[in-house]
Amino acid sequence: MHLSLFWRVFAVNAGLLGGIALLLLLSPVEINAPIKARQALIVVGALVITLATNAVLLRGVITPLERLARRMDTVDLLRPGQRLPVGRGDEVGRVVAAFNRMLDRLERERQESGRRVLAAQEAERIGIARDLHDEVGQLLTSVLLQLNSISDTAPEHRVEIDETRETVRLALDEVRRISTELRPEMLEHLGLVSALTELSTTFERVSGVRVERQFDALLPPLPADAELAVYRIAQESLTNVARHARATRVTIALEHGLDSVVLRVVDDGRGFGGAPVEHGGLRSMRERALLIGAALAIKEASRGGVDVRLEVPAARVAHAVAVD
Amino acid sequence: MRGTILCWVNDRAHGRAALKAAAGLSDRLDLRLVLACVADEADARACRDPRRREGAARLVAQLAAEHGLSDRAEVRPAVGDPFVLLGQMAAEEAADLIVIGAPAARRLRRSPESRLAEHLESATTVPVLFVAERSGRRRLAPRTARR
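Protein chains in written order, with numbering that gives the first Met the number 0: chain D, 0 to 323; chain B, 0 to 146.
For reference, chain D alone in the conformation it holds in the complex (with noise of 0.2 Å):
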């Protein structure tokens, strides 16, 4: 039988004074006015008996309440499935469970609007890449022409118009360098280890910091959308070392997890020094992970610094193949 709340802490009260009136019915215990020592002594341990055994008994009945309210302080949608026993039909129970069911709605919400976000994001991406690429390269491209073709004929400024030539030289390198990390094509054409591996050297390059590449052979292949999020958590991950972390050496790995490819970018920098803040970066990182089923963690390396470990699941490579 399922007792309401208020029946339930209604049963509790009426049972303790019901107890104590019996008890002053049954028990020769006799009150007198002015009251005796004896007598006050008896109605004080009563009265702290009576408020103990309320306590204990209704702290069952707000337990739960407390519970959900830690949860509720705690929940973050992405890190989903975290829901709270029902156990019980009174209103308690309603409410938690109608809490559970708010988060698998919220849950899905969220994910399904970090697809769109994450889709759109990779579609102004390609776009500005485009541009870069086509446009700003192209403009860069013939003022290079332009360049050479002054120079032969005003040989008395070659050393000016080397110079400028040299900056328009860099300018067009930096913006290939740009274009290529808005659009990974080697990912799209060579596969995850070859975007990696140019990634990571692009990354040495620019930051100086020593890169040291394990990555392990015949992984299994993984979907396009899984191959772009493993790379772009990679990418994230390098540009928070550059930015934060003041490593000197970082280690990107691809390895065999248990029916898994497993991610794992670990440098020897200062660390989070505490808790790791999840901020921008970092939420992008989890949304991601979130959006292809896998498992990211993002703790203190075991000799400082950072690791990020994204654990992709092979099951949804059997299920693709399978598909197609």
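Calculated from the structure, these hints are not laboratory results.
Predicted model only: the values in this text are computed from it and were never measured.
Just so you know, even glycine gets a beta-carbon here, dropped at the ideal spot from N, CA and C.
Each hint should be verified, as a subset may be incorrect.
Said to hold, decoys possible - Quick look at which bits of chain D chain B covers, simulated, 3 or more residues with Cβ under 8 Å: (1) 22-30; (2) 254-264.
What the hints assert, rightly or not - If you only want the chain B side, here are some residues facing chain D, beta carbon under 10 Å, derived: (3) Pro49; (4) Arg57; (5) Ala60; (6) Ser69; (7) Asp70; (8) Arg75; (9) Gly79; (10) Ala93; (11) Glu117; (12) Ala122; (13) Thr123.
Stated by the list, open to error - DEER-style ranges, computed between Cβ atoms: (14) B:Asp10 to D:Glu184: 49 to 57 Å; (15) B:Arg1 to D:Gln120: 31 to 39 Å; (16) D:Val8 to B:Arg11: 31 to 39 Å; (17) D:Gln120 to B:Arg11: 43 to 51 Å; (18) D:Gln137 to B:Arg50: 57 to 65 Å.
With chain D fixed as given, assemble chain B onto it according to the hints.
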């Protein structure tokens, strides 16, 4: 091909028993071992106190060193609700098994395993292995893994 064991450690007898069992399993089955040390704290402000986290980090490093695991175990110190955090860590680490020490049962109280299992049921779908404090017996949690 390596799976992952997540072990909840503390400096009490049952926490050490769990660590010993998890280390043994990880060794025999060549599984990755992650040691979680969670300072239990309900107050959100206290959860952000770096000293509490440093305490948990020191403790887990010390326990790993005592068992000769400093080189091969990964550590996850944290402050907050242990069951919520264990669930999160199990998901983040793609854990295949959680190992937890259960304190010895006392008279007139529910078995500690059943209380822990009830808390963990909503926090994770990963199977849980309880290591009893006194006898060193191990038994699976009375619930079905959905993973």
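These are the hints, each one checked on the structure:
no., hint, verdict
1, 22-30, "violated (count 0)"
2, 254-264, "holds (count 5)"
3, Pro49, "holds (5 Å)"
4, Arg57, "violated (13 Å)"
5, Ala60, "holds (9 Å)"
6, Ser69, "holds (7 Å)"
7, Asp70, "holds (8 Å)"
8, Arg75, "holds (6 Å)"
9, Gly79, "holds (7 Å)"
10, Ala93, "holds (4 Å)"
11, Glu117, "holds (7 Å)"
12, Ala122, "holds (6 Å)"
13, Thr123, "holds (8 Å)"
14, B:Asp10 to D:Glu184: 49 to 57 Å, "holds (53 Å)"
15, B:Arg1 to D:Gln120: 31 to 39 Å, "holds (33 Å)"
16, D:Val8 to B:Arg11: 31 to 39 Å, "holds (36 Å)"
17, D:Gln120 to B:Arg11: 43 to 51 Å, "holds (48 Å)"
18, D:Gln137 to B:Arg50: 57 to 65 Å, "holds (58 Å)"
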